[in-house]
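J.: Taking the numbering used here, the leading residue of the sequence shown gets 208, the next gets one more, and so forth.
The hints are simulated quantities; they were obtained by calculation from the structure and are not laboratory data.
Worth double-checking, as some hints may not be accurate.
[Claimed, not checked] Restraint-style ranges between C-beta atoms, simulated for each label pair:
#1 393 <-> 328: 39 to 45 Å
#2 233 <-> 369: 28 to 34 Å
#3 370 <-> 346: 23 to 29 Å
#4 428 <-> 474: 33 to 39 Å
#5 374 <-> 463: 46 to 52 Å
#6 418 <-> 447: 29 to 35 Å
#7 451 <-> 362: 23 to 29 Å
#8 269 <-> 396: 36 to 42 Å
#9 309 <-> 273: 22 to 28 Å
#10 455 <-> 401: 14 to 20 Å
#11 401 <-> 444: 17 to 23 Å
[Unchecked claim] In silico BS3-like cross-links for lysine-lysine, where the CA-CA straight-line distance does not exceed 27 Å:
#12 398 <-> 427
#13 401 <-> 427
#14 401 <-> 466
#15 232 <-> 210
#16 427 <-> 455
#17 398 <-> 455
All C-beta atoms in this analysis are idealised placements derived from N, C-alpha and C, irrespective of residue type, glycine included.
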Amino acid sequence: MSKVVAITGAARGIGLATARALKDKGATVVIGDIDETAVKEAAESLGVTGLPVDVTSRESFTAFLDGAEEAAGRLDVLINNAGIMPIGPVTGESDADARRCLDVNVHGVMLGTKLALDRMLPRGAGHIINVASVAGIMYTPGLALYNASKAAVVAFTEAARLEVRDRGVHVGAVLPTFTNTELVAGTRSPKGQKNCEPEDIAAAVVGLIGRPRPQAVVPKRLGRQVRLSGLFPDRVRQAVSRRLGLDKIFLEYDPDARKAYDARIRTDS
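Can you build the whole structure from these sequences, using the hints too?
T.: Structure below.
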């Protein structure tokens, strides 16, 4: 894969796994993260370029893309991966956390998409992949803020895709389910289900670059299940949610296990 790929939020988790998978496929990868120490260490471990980026700042994001192209050449793919996931009762969400979540998860994706399109559309080539979530199409108690942010990403990505689809630039979204990263610290898996690993999401991103499509749900079978669930009455969907424990997962969690993550997301993306 002889492409130049930039990835945000790539010092850890899904972003780091994606960087590793793409490098293994032969891509030239540049990773970015607001945590300058972590992104430097991750880049050194992978043997790629690592740069600081605050996805909520136009100046910082522009500098990241400029730096990526200076280091690796013309950008072929941007993966907007940076995101945060506060959880808990909707009445317990602070206004500051709400603004931060929407700023990183929504504005950061919108900003990255616009800046990449400014580079890609004039030459009629490029690919933008936004990492959304199944939470953008399946709603869960205790996850209202995150649900809202990822639903916005899904909608924005599809509208942007339709707008530029005849101009040589692909825009698509990856929608992971529960994945074993810091985002789910202190929570449990739905009953009878196994969380994905970051490498599973990375593989889906690699597949989407190789065969551009509007959307990829991970795991694939879950996408079919979610679409089918929309045909059922609300009482049936709620019964399934209770059976899987989805009605409690993000309300009855271990706050101590999330302390480090919660502290970091108030400053990091």
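J.: Please go over all the hints and tell whether each is borne out by the structure.
T.: Right, here's what the structure says about each hint:
no. : hint                    : verdict
1   : 393 <-> 328: 39 to 45 Å : holds, 42 Å
2   : 233 <-> 369: 28 to 34 Å : holds, 31 Å
3   : 370 <-> 346: 23 to 29 Å : holds, 27 Å
4   : 428 <-> 474: 33 to 39 Å : holds, 37 Å
5   : 374 <-> 463: 46 to 52 Å : holds, 50 Å
6   : 418 <-> 447: 29 to 35 Å : holds, 32 Å
7   : 451 <-> 362: 23 to 29 Å : holds, 26 Å
8   : 269 <-> 396: 36 to 42 Å : holds, 39 Å
9   : 309 <-> 273: 22 to 28 Å : holds, 26 Å
10  : 455 <-> 401: 14 to 20 Å : holds, 18 Å
11  : 401 <-> 444: 17 to 23 Å : holds, 22 Å
12  : 398 <-> 427             : holds, 19 Å
13  : 401 <-> 427             : holds, 14 Å
14  : 401 <-> 466             : holds, 24 Å
15  : 232 <-> 210             : holds, 10 Å
16  : 427 <-> 455             : holds, 24 Å
17  : 398 <-> 455             : holds, 11 Å
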